[in-house]
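S.K.: Using the sequences provided together with the hints, build the complete structure.
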Amino acid sequence: MKRNITLGVILALAPVSMVLAASNNVGCGVGSIIFKGQSGVAPQVLAVTTNGTLGNQTFGISSGTLGCATDGVVDTPAKVSMFIDTNMDKLAQDMSVGSGEALNSLADLIGIEDAAKARFFSMTKAHFGEIVSSDRVAALDVMASLNRLLAADQDLAIYARLG
Amino acid sequence: MRWMFRALCTLSVLCCTAVYASDEDYPSELVNIAHLQNLAATAQWRALLHYRTNALTSGVTGQADDAKFYLAADGKTNPQAELDATLRAFFAPAIVETDTTQHPQCRFVARYHWLKQALHFDAQRLPEQRCQRFSAWRAALQPDMLTLVFPAAYINNPSSMFGHTLLRVDGVGQDEQSRLLAYAINYAANPDGEGGVAFILKSLVGLYPGLFSISPYYVKVKEYSHLENRDIWEYQLNFTADEIERLLMHAWELGQVRFDYYFFDENCAYHLLSLFEAARPSLEFTRRFHGWVIPADTVRALAEQAGMVRKIVYRPADNTRLRFQLGQLNENEQDWVAALAAGERVADDPLFARQPSERQSVELEAAYKYLRHQYTAGDVDTGQSARRSRELLLARSRLPEARDSAVPPTPQVTPDRGHGTVRLALATGVENSLGVQEVKLRPAYHDLLDPQGGYTRGAQIDFMDVGLRLVEGSNRLELNELTLIDIYSLFPRDRFFHPVSWKISTGYTHVGAPGGDRIGLYRTQGGAGMAWALGDQVQVYGLANFTADISGALDKRYAVGGGPSFGLYANPVDAWQLHLVMQSQELRWGDRHREESATLEQSIAFGQQHAVRLSVRREHTWNSTWSTVMLGWHSYW
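Just so you know, the sequences run in chain order H and V. Under the numbering used here, think of the first position of the first sequence as 1, with each following residue one higher. Under the numbering used here, think of the first position of the second sequence as 164, with each following residue one higher.
None of these hints come from the bench; they were simulated from the model. A portion of the hints provided could be inaccurate.
[What the hints assert, rightly or not] Computed list of chain H residues with no C-beta within reach of chain V, every gap over 10 Å:
(1) Gly31
(2) Lys36
(3) Gly64
(4) Gly67
(5) Gly129
(6) Leu140
(7) Ser145
(8) Ala151
(9) Ala152
(10) Ala157
(11) Ala160
[To be verified] Derived pair list, reagent style BS3-like, types lysine-lysine, alpha-carbon separation capped at 30 Å:
(12) V/Lys474 to H/Lys117
(13) V/Lys474 to H/Lys79
(14) V/Lys365 to V/Lys603
[Said to hold, decoys possible] Looking from chain H toward chain V, a few residues come up when the C-beta cut is under 10 Å (computed):
(15) Leu66
(16) Thr70
(17) Thr86
(18) Ser122
(19) Ala126
(20) Ile158
Note that CB positions come from ideal geometry on N, CA and C, so glycine has one too.
M.R.: Here it is as structure tokens:
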């Protein structure tokens, strides 16, 4: 009896611990809020941006360990969170439609097999309101919601280990 | 007996010495064999060290401007010394790799592997080091294919006017729907936040350091597609697995090495070519370009190689998709888009819901994209737009359609097939009843009437256009004009987009003066205003301009003023374009006078590399009238 309770408690806490594990990636550029990107940049004449590095996700090759990238390549534990962080607006759009390049790429990063993708896409579309739960969600919130939804789905539960 | 013992001892000592000596001498042995094979003079060594033959003196100079790229003290100018030093460095004792240190075999992994193959390194005598960092990096990339990425010209940014090139490393298992997961290698200047004119001037003389960097491709796509709204062309290339390995090894070597950035000739496009040369030295691309390297030309050079380009993929920018999507809607539907984006109507509105689900989907998608565009442009309040964006997407998620409807068609002419950037013009005509012959040469780039294919419509960059004239009665070929730069950016406004159209030009030219003389002056002109489209083929525009002239022939040696100009820019049928400009300038300071002109220029293209141009101009300055008609032939290469 005691073992069952313990097991139950552990299983109940598992999704939470995944979320907590994910939160260790704070500081790797995962602080973006949805629908808030750079503003006022685009149409300026003689804009300051150059044909070069923009933002903090471009690294010198063989630059060593910086944040969650090693020599310019994103470390495996941070791949999903960094992708969501950079592409949140596009992801939101794709989820609301039910298909798209960003959403498909995310599916690949999570490791979802081709056969299961259609189910994943329709799941994110059906639960859009939960995933983008407010107009201020952060990448981590999106990841947590995806984790929860994946875990709750019979066929997709094996993918619920994001972060 | 004793002599035998002594002989045996001597022999064994000699043997030991012989073995000991050959391990000591292996570096020298390798150096000698390398000399015999003349490896320092090969194309591969030249490519790996970025040696370039000196223009004026004999010998070569390496283009890396960083001392740590060379192992020999004179490595920058002495390929042989550098090769010798490299071989000797491979024998350095094993070290523990850290973030900042690697064994020379790993830091110069491409050199190591090439020399190992060429000289058949004996692993017993030259132990091979394990390169953890390089192996991990390469393994993470899982390279399968190389793609040249070409974001189109971005006229609002001087450093991006001629486009850009970067290299994408496509991973195993990635396909057209997951290219975002690839990595992009990019060479760029590091201007420390400076931009605009300061950037242009300093980068002309190499005052900025440049570095190779790597980032997830999705970061680059966001920068170009979303922030700068530049269409991207992706050229998938046929490099062998070995060549890809060599390129990546060389990219690793270039990791932290500074190459000074020169706007014209040692820019992003040039350095990317040097990466390809390291993979396949026979390409010899860098030798082809002297004086200046324009990204589009390097794309052309690559595309011209037989069997090099596997596939060309068009990746339209966010605004290109949005414009296309809006173009698919009728006026009523556009009304909905505008109202939804502005928050004046909501998706719950019963009138909205009455439309077929498929129309609702398109309108919601367009409204969302438009709202994002307005946000990026700084035209809309942050808080409101975020709330509305979510609501629009939420409404969209309730509709069954599962495909994005904004898929613009791929333009017929790809950038590598557009007209060549160098233009030669030969023209003949009449000016105020005197015959005129003209020859003009322009090294770059594209004007409003050049054949359109492969270029952005409405974006003109004329650079260093030199015009010589022979006028009837005079037997001297005269410099008629020398345009340093002449930029036009004409983009029509509509209910959704409000770009500013503008122009700027500076250079030496002639204007008519009383008494049948034309006087030469240095003219700078600029203007800003608006353009509108009348249907698909015609644009009209109005600009408010300023003019500043400097010339010894002017009273007080200068004239400054301003005035309006109006234009009509049309493309009635595919190869036929015309541009009518009417301009009136009141020069109020310095040599006071009025200048009015009307010019109608037409062009008919024959393919992408040839065109006929007819120009008719009437000018009224200082109360004298000048009429000019010129008919010319343009060739591009």
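S.K.: It remains to establish, for every hint, whether it holds in the given structure.
M.R.: Each hint, compared with the structure:
Residue placement check: H/Gly31 keeps its beta carbon more than 10 Å from all beta carbons of chain V (closest about 16 Å). Distance to chain V contradicts H/Lys36 as a non-interface residue, since its nearest Cβ pair spans about 7 Å, not more than 10 Å. Not every C-beta of chain V lies more than 10 Å from that of H/Gly64, the closest at about 3 Å, which undercuts listing it as non-interface. With a minimum CB-CB distance of about 12 Å to chain V, H/Gly67 clears the 10 Å threshold, and the non-interface call stands.
A beta-carbon of chain V is positioned within 10 Å of the beta-carbon of H/Gly129; the least distance is around 6 Å. The beta carbon of H/Leu140 sits about 18 Å from the closest Cβ of chain V, which is more than 10 Å, so the claim that it is off the interface holds. Every CB of chain V lies more than 10 Å from the CB of H/Ser145, the least distance being 14 Å, so the non-interface label holds. Non-interface call for H/Ala151 relative to chain V: holds, since the shortest CB-CB distance, roughly 21 Å, exceeds 10 Å.
With a cut of 10 Å on Cβ distances, H/Ala152 stays outside the contact zone with chain V, its closest approach being about 18 Å. With a closest Cβ-Cβ approach of about 23 Å to chain V, H/Ala157 is found to remain outside the 10 Å limit, as its non-interface label requires. With a least beta-carbon separation of about 21 Å from chain V, H/Ala160 lies farther than 10 Å from that chain, consistent with its non-interface assignment. Of the pairs offered as hints, the one joining V/Lys474 and H/Lys117 holds, with about 26 Å between alpha carbons and a cut-off of 30 Å not exceeded.
A distance of roughly 28 Å separates the Cα atoms of V/Lys474 and H/Lys79; the hinted pair therefore holds under the 30 Å criterion. For the proposed pair V/Lys365 and V/Lys603, the alpha carbon gap of about 29 Å is at most 30 Å, so the pair holds. Taken as an interface hint, H/Leu66 checks out: its beta carbon lies about 9 Å from the nearest beta carbon of chain V, inside 10 Å. Interface hint at H/Thr70: satisfied, since its Cβ lies 7 Å from the closest Cβ of chain V, which is below the 10 Å cut-off.
For H/Thr86, the interface hint holds, the least distance from its beta-carbon to any beta-carbon of chain V being 6 Å, beneath 10 Å. Annotation: interface hint on H/Ser122 holds; nearest CB of chain V at approximately 8 Å, less than 10 Å. Annotation: interface hint on H/Ala126 holds; nearest CB of chain V at approximately 8 Å, less than 10 Å. This hint is violated: H/Ile158 has a C-beta 19 Å from the nearest C-beta of chain V, more than the 10 Å allowed.
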